[in-house]
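> Make a model of the complete structure from these sequences and hints.
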Amino acid sequence: MNIQLRFFASVREALGTAQETIAVPAGVLTVGAVRAHLRGRGGVWAETLADHRSLRMAYNQQMTGPDTRIDEGGEVAFFPPVTGG
Amino acid sequence: MPIRVQTQDFDLGKEVAALRAGQSQVGAVVAFVGTVRDMNDGTGVSAMELEHYPGMTEKALEDIVAQARSRWAMIDALVIHRVGPLKPLDQIVLVAVTSSHRGEAFSACEFIMDYLKTQAPFWKKEQTSQGARWVDARVTDDHALEKWGVRSGNAGQAE
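So the protein sequences, as listed, match chains A and B. First residue of the first sequence? That's 1 in this note's numbering, and the numbers climb one at a time after it. First residue of the second sequence? That's 1 in this note's numbering, and the numbers climb one at a time after it.
Hints are computed from structural coordinates only; laboratory data are not their basis. Check the hints yourself; a few may be wrong.
Selected chain B positions facing chain A (in silico; Cβ < 7 Å) [as the list claims (entries may be wrong)]:
1) MET56
2) TRP72
3) PRO121
Facing chain A, from chain B, some residues (calculated, C-beta under 8 Å) [unchecked claim]:
4) VAL93
5) PHE106
6) ALA120
7) VAL135
8) GLY156
Every residue, glycine too, gets a C-beta built ideally from N, C-alpha and C.
Here it is in structure tokens:
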């Protein structure tokens with residue numbers, strides 16, 4: 001399954017990338033599983049996406065939690081708590 | 001309900017005039033303008049950069065205004081949020097709400113701002129004398145949204 005990844009603000013800077021398209025392995029079915037899969041890259045990925053980091057996540061441009069299911073072509077985003085206004 | 005995310009500045013008077021033009025049922029206009037301070041958490045701020053998530057940010061703002069509309073008898077609302085480089089004294093955000101009576105407009109305007117602070121994907125990066133830093137989310141902003149009966153968890157644990 002191919003999905004689009006988006007990263008913003010401090011997460012984007014730490015990872016050194018704003019977006020990419022990846023093919024996730026079978027068994028990666030939720031937003032939380034995508035996060036865990038990316039941690040498997042090690043280094044800054046493991047550190048930035050660690051469970052204890054209070055990141056926010058979006059699926060198809062809606063704020064969401066780790067249990068949300070992903071589909072082919074979906075867009076998964078990781079970013080820090082928001083600070084607008 | 002116009003939503004605009006833009007780099008340009010805005011003129012409060014012109015925006016409010018346009019929002020209520022021809023709307024003779026309007027009896028109240030409440031507008032909030034957020035501006036860039038020269039100080040944050042005890043450190044001087046010389047400039048800032050605002051980042052957003054194009055597409056999602058606009059949807060989130062539309063959703064926030066729709067939620068306000070479901071709670072109060074608003075007539076219309078306008079949200080303008082700037083992105084890109086900003087300096088102290090610059091305007092950042094405008095929320096304006098029209099209604100027949102003031103109570104609805106006051107409440108809806110505050111609700112939209114409280115919601116925006118913790119649910120709309122914007123991020124501020126400040127330039128300070130100690131270098132650049134991403135602004136931390138505040139638990140007090142979560143509490144501000146909780147008074148409307150909405151759990152936030154932006155600054156604390158993500159939901």
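> Indicate, hint by hint, whether the structure satisfies it.
Going down the list of hints, with the structure as the test:
The beta carbon of MET56 of chain B comes within 4 Å of a beta carbon in chain A, closer than 7 Å, and the hint placing it at the interface holds. Because the smallest distance between the Cβ of TRP72 of chain B and any Cβ of chain A comes to about 20 Å, over 7 Å, the interface hint for this residue is violated. Proximity of PRO121 of chain B to chain A holds as hinted, the smallest CB-CB distance being about 5 Å (cut-off 7 Å). Of the supplied interface hints, the one on VAL93 of chain B holds, with its beta-carbon coming within about 5 Å of a beta-carbon of chain A, less than 8 Å.
Taken as an interface hint, PHE106 of chain B does not check out: its beta carbon lies about 17 Å from the nearest beta carbon of chain A, beyond 8 Å. For ALA120 of chain B, the interface hint holds, the least distance from its beta-carbon to any beta-carbon of chain A being 5 Å, beneath 8 Å. Taken as an interface hint, VAL135 of chain B checks out: its beta carbon lies about 4 Å from the nearest beta carbon of chain A, inside 8 Å. With a least beta-carbon distance of about 7 Å to chain A, the hint placing GLY156 of chain B at the interface is held under the 8 Å criterion.
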